[in-house]
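If you read the sequences in order, they're chains A and B. Going by the working numbering, 48 is the number at position 48 of the first sequence; the sequence numbering is gapless. Take any residue in the second sequence, note its place counting from 1, add 80, and you have its number in the working numbering.
Take the hints with a grain of salt, since some may be wrong.
Claimed, not checked - Distance condition first, Cα-Cα at most 25 Å in a straight line; then the derived DSS-like pairs of lysine-lysine: (1) 22(A) to 258(B); (2) 22(A) to 139(B); (3) 139(B) to 45(A); (4) 434(B) to 115(B); (5) 343(B) to 85(B); (6) 343(B) to 390(B); (7) 45(A) to 115(B); (8) 298(B) to 434(B); (9) 139(B) to 115(B); (10) 258(B) to 34(A); (11) 45(A) to 258(B); (12) 298(B) to 343(B).
Simulated from the structure, these hints should not be mistaken for lab results. Predicted, not measured: the structure shown is a model, and the values here were computed from it.
For reference, the chains in residue letters:
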Amino acid sequence: MTLTTVPAPIPGVFYRSESPDKPPFKSEGDAVSKGDVVGLIEVMKTFTQIEAEESGHFVRYLVDDEDAVMPGQPLYELET
Amino acid sequence: MGISKILVANRGEIAVRIIRAAREMGIATAQVVSKADHEMLAARLADEKIEVGPAQASKSYLKIDAIIDAARAVGADAIHPGYGFLSENADFVDAVEAAGLTFIGPRADTIRAMGDKAAARASAAAAGIRTVPGSEGRVDAADAADLAAKLGLPLMIKAAAGGGGRGIRVANTVEELKRMMPLASAEALAAFGDGGLYVERFIERARHIEVQILGDGKDAVHVFERECSLQRRRQKVWEEAPAACLSQSVRAELCASAARLAKHVNYRGAGTLEFLYDELTGEYFFIEMNTRIQVEHPVTEMVTGIDLVKEMIRIAAGEPLSVQQDVIVLSGHAIECRINAEDPHADFRPTPGKVEELRLPEMSHVRFDTGLYPGYIVPPYYDSLLGKLIVWGETRAKALEKLRQALAVLEVGGIATTAPLHRRLALDPDVGALRVHTGWLERWLEDRPLEPAKLAS
Numbered sequence: 001m002t003l004t005t006v007p008a009p010i011p012g013v014f015y016r017s018e019s020p021d022k023p024p025f026k027s028e029g030d031a032v033s034k035g036d037v038v039g040l041i042e043v044m045k046t047f048t049q050i051e052a053e054e055s056g057h058f059v060r061y062l063v064d065d066e067d068a069v070m071p072g073q074p075l076y077e078l079e080t
Numbered sequence: 081m082g083i084s085k086i087l088v089a090n091r092g093e094i095a096v097r098i099i100r101a102a103r104e105m106g107i108a109t110a111q112v113v114s115k116a117d118h119e120m121l122a123a124r125l126a127d128e129k130i131e132v133g134p135a136q137a138s139k140s141y142l143k144i145d146a147i148i149d150a151a152r153a154v155g156a157d158a159i160h161p162g163y164g165f166l167s168e169n170a171d172f173v174d175a176v177e178a179a180g181l182t183f184i185g186p187r188a189d190t191i192r193a194m195g196d197k198a199a200a201r202a203s204a205a206a207a208g209i210r211t212v213p214g215s216e217g218r219v220d221a222a223d224a225a226d227l228a229a230k231l232g233l234p235l236m237i238k239a240a241a242g243g244g245g246r247g248i249r250v251a252n253t254v255e256e257l258k259r260m261m262p263l264a265s266a267e268a269l270a271a272f273g274d275g276g277l278y279v280e281r282f283i284e285r286a287r288h289i290e291v292q293i294l295g296d297g298k299d300a301v302h303v304f305e306r307e308c309s310l311q312r313r314r315q316k317v318w319e320e321a322p323a324a325c326l327s328q329s330v331r332a333e334l335c336a337s338a339a340r341l342a343k344h345v346n347y348r349g350a351g352t353l354e355f356l357y358d359e360l361t362g363e364y365f366f367i368e369m370n371t372r373i374q375v376e377h378p379v380t381e382m383v384t385g386i387d388l389v390k391e392m393i394r395i396a397a398g399e400p401l402s403v404q405q406d407v408i409v410l411s412g413h414a415i416e417c418r419i420n421a422e423d424p425h426a427d428f429r430p431t432p433g434k435v436e437e438l439r440l441p442e443m444s445h446v447r448f449d450t451g452l453y454p455g456y457i458v459p460p461y462y463d464s465l466l467g468k469l470i471v472w473g474e475t476r477a478k479a480l481e482k483l484r485q486a487l488a489v490l491e492v493g494g495i496a497t498t499a500p501l502h503r504r505l506a507l508d509p510d511v512g513a514l515r516v517h518t519g520w521l522e523r524w525l526e527d528r529p530l531e532p533a534k535l536a537s
């Protein structure tokens, strides 16, 4: 078991769910498959899906919903 | 003049544009800023600035109460909404007027009737102007999938409250339609505060022609047309006035019909009727009306000499139109290039960051509308538009030559911009001959990817 910290690929505003009335993409203990959407980043009004690059189990988000993030900033933890 | 201080409820280059127009008219300005925008050019140029909320537009520039409170706090008597944000929000107009302030733009009922794209289609159809086959009104993903069977595919998904290409997607299959609608809705909600969508048949090889109109609530005139066919992901990147593909007779008919519709609805302010034009048949279809000033308004100003922003302000102050139709004449040709904070060498990845250097083309018949200055940090939260390079020539060929000269000088250092794309386009033979349509640029980009090694930003 390895704990991986996954960084933001681009700057922008991070969203944990598809819309404010939807549950977060992932919660603690959820299985994560490569390609699963774990968040959205809005940069200059364009939404980019943040997809898992490896499989594992979701541990937690490291930034709050709607927080501004910079590239390289840790977004979430994944147990692989 | 019944207006003494304008609250500028927008940001970026359009805020600068409004401040400059107001200043020339002897009107004071107050600039609203989000927490992330204190250093923007408009905030530095305005007589005063006032913070209205956090970085995210939904919590600042889109917050009606915060904008009204700001207007009261600075003692403004009018609000200019620019484009985007609250510019086509009828509830905002109601709130502005309820607060005893003047909204620089159309009446709330006009925005409701024409600003909602789905309702506008119905209005235009009722007025006898042909529209592109599409949904009757707003639709959800399930209804849209049903409609696909009736209308055929591909279908274009559009934001009901939208404009500026935001929230627009093209679906080639029913599966794509179902997958794209939630994302389009999210983009529409973020950009306009309204996630409503409608769909229409996607006409691939159409040209985008739009007619600028001005109305004072009684009379209305057209200020000729623009062609905006060069688009990427439904966002205009290059605009011209006039539309060189139109014959004199089609131009006259199209512009007259737009002015008629504007007069019919007692339009107040500056507005634009957008059409798709089929060059082969000479048919045009109404697609939507923008009840606001538009990004590409300067090309119209360059070929008519009319200052559209000043005209909006005068009309809002209760003055009649300062120009009659017979004195509005076309002179020469103008082209506008949108310079965006996007890297054309990396799939147009957004490029917020610090502008280290700025070299501007200071030439005759060249205008650069921008919010940039050296040292400015472009924030990641908003639109990627950095500035607009606008040129004028006696003929289209001369305007193109002027554009090449201006683009050769323009330099934004520190961040990648779309300027290299425009340098390529300005030299392209199809662009030179205007053999383009709304799908042309995306195909051109696929066929001729920009090569980073050959082009400096």
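Against the structure, the hints:
1. 22(A) to 258(B): Answer holds: residue 22(A) to residue 258(B) is near 17 Å, not above 25 Å.
2. 22(A) to 139(B): holds (19 Å)
3. 139(B) to 45(A): Holds - the C-alpha atoms of residue 45(A) and residue 139(B) are around 14 Å apart, at most 25 Å.
4. 434(B) to 115(B): With Cα atoms ~17 Å apart, residue 434(B) and residue 115(B) stay inside 25 Å; holds.
5. 343(B) to 85(B): violated (29 Å)
6. 343(B) to 390(B): holds (20 Å)
7. 45(A) to 115(B): Holds, at roughly 17 Å.
8. 298(B) to 434(B): violated (47 Å)
9. 139(B) to 115(B): Status holds; Cα separation ~10 Å.
10. 258(B) to 34(A): This hinted pair holds, its Cα atoms lying about 23 Å apart.
11. 45(A) to 258(B): This hinted pair holds, its Cα atoms lying about 21 Å apart.
12. 298(B) to 343(B): holds (7 Å)
The structure shown violates the earlier hints numbered 5, 8.
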